[in-house]
Amino acid sequence: AQSVTQLGSHVSVSEGALVLLRCNYSSSVPPYLFWYVQYPNQGLQLLLKYTSAATLVKGINGFEAEFKKSETSFHLTKPSAHMSDAAEYFCAVMPLAGTALIFGKGTTLSVSS
Amino acid sequence: NAGVTQTPKFQVLKTGQSMTLQCAQDMNHNSMYWYRQDPGMGLRLIYYSASEGTTDKGEVPNGYNVSRLNKREFSLRLESAAPSQTSVYFCASRLDSYNEQFFGPGTRLTVL
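Keeping their order, the protein sequence lines are chains A and B. Under the working numbering, read the first sequence as residues 63 to 175, first letter to last. Under the working numbering, read the second sequence as residues 5 to 116, first letter to last.
There may be inaccurate statements among the hints.
Below, a list of computed lysine-lysine pairs in the BS3-like style, where the Cα atoms sit at most 30 Å apart [unchecked claim]:
| hint | chain 1 | residue 1 | chain 2 | residue 2 |
| --- | --- | --- | --- | --- |
| 1 | A | LYS167 | B | LYS18 |
| 2 | B | LYS18 | A | LYS120 |
| 3 | A | LYS111 | B | LYS18 |
| 4 | B | LYS13 | A | LYS130 |
| 5 | B | LYS61 | A | LYS111 |
Hints are computed from structural coordinates only; laboratory data are not their basis.
Model the full structure from these sequences, guided by the hints.
Dropping the structure here:
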């Protein structure tokens, strides 16, 4: 069965520091990959998606992610954290076109001043 | 354009009570989904509907039923609520096979 693993349920950074949230997937073929963000008491909002075009994907709010097939990874990065980035982040995979998303368990990002 | 809407926002039930969670989207999307979110578990798929008139089970369907009333609406029913169904429920929709899912704001359900 397909699965998504997010390493680290909680990541803490200082404002201005690099943000790195890790995501690995299991799939025999390159899947469609997504990162969502959830702010407190809200629904999920799409940050970015990979759909087999460029391997480096840029999203909203300065985030980007790189698809590495050899490592089956899709890590999310942001060069400089802002206080407003504090939220929960979910990596998700769509194993085949048209199938439902499979979500990782999420990583909570805390940003301190 | 309201996107995906869910009602109610909050609900408290007693064990054994029934209720229906409503979801509607105004984006003319074909597929709709129901997830539950529990701490440390991420989002788990309950049921989905690939198109009007079709529904399929997801990862955790036990204790739930769904109805795809028309293209816009997809409801989730708890026939006899249990404390294990205390969760936050999210509805989502997707235009077609290659696009992302759009999520509603969620329903926080507590079963006592």
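Against the structure, the hints:
For the hint linking LYS167 (chain A) to LYS18 (chain B), the alpha-carbon distance of about 28 Å falls within 30 Å, and the restraint holds. Simply put, LYS18 (chain B) and LYS120 (chain A) have alpha-carbon atoms about 46 Å apart, too far for the 30 Å limit, and the pair is violated. Between LYS111 (chain A) and LYS18 (chain B), the direct Cα distance comes to roughly 40 Å. Violation of the 30 Å bound is thereby established for this hinted pair. Restraint check for LYS13 (chain B) and LYS130 (chain A): not satisfied, since their Cα atoms lie roughly 39 Å apart, outside the 30 Å limit.
For the suggested pair LYS61 (chain B) and LYS111 (chain A), the alpha carbons sit about 25 Å apart, so the restraint of at most 30 Å is met.
The structure fails to meet hints 2, 3, 4 from the earlier list, while all remaining hints are met.
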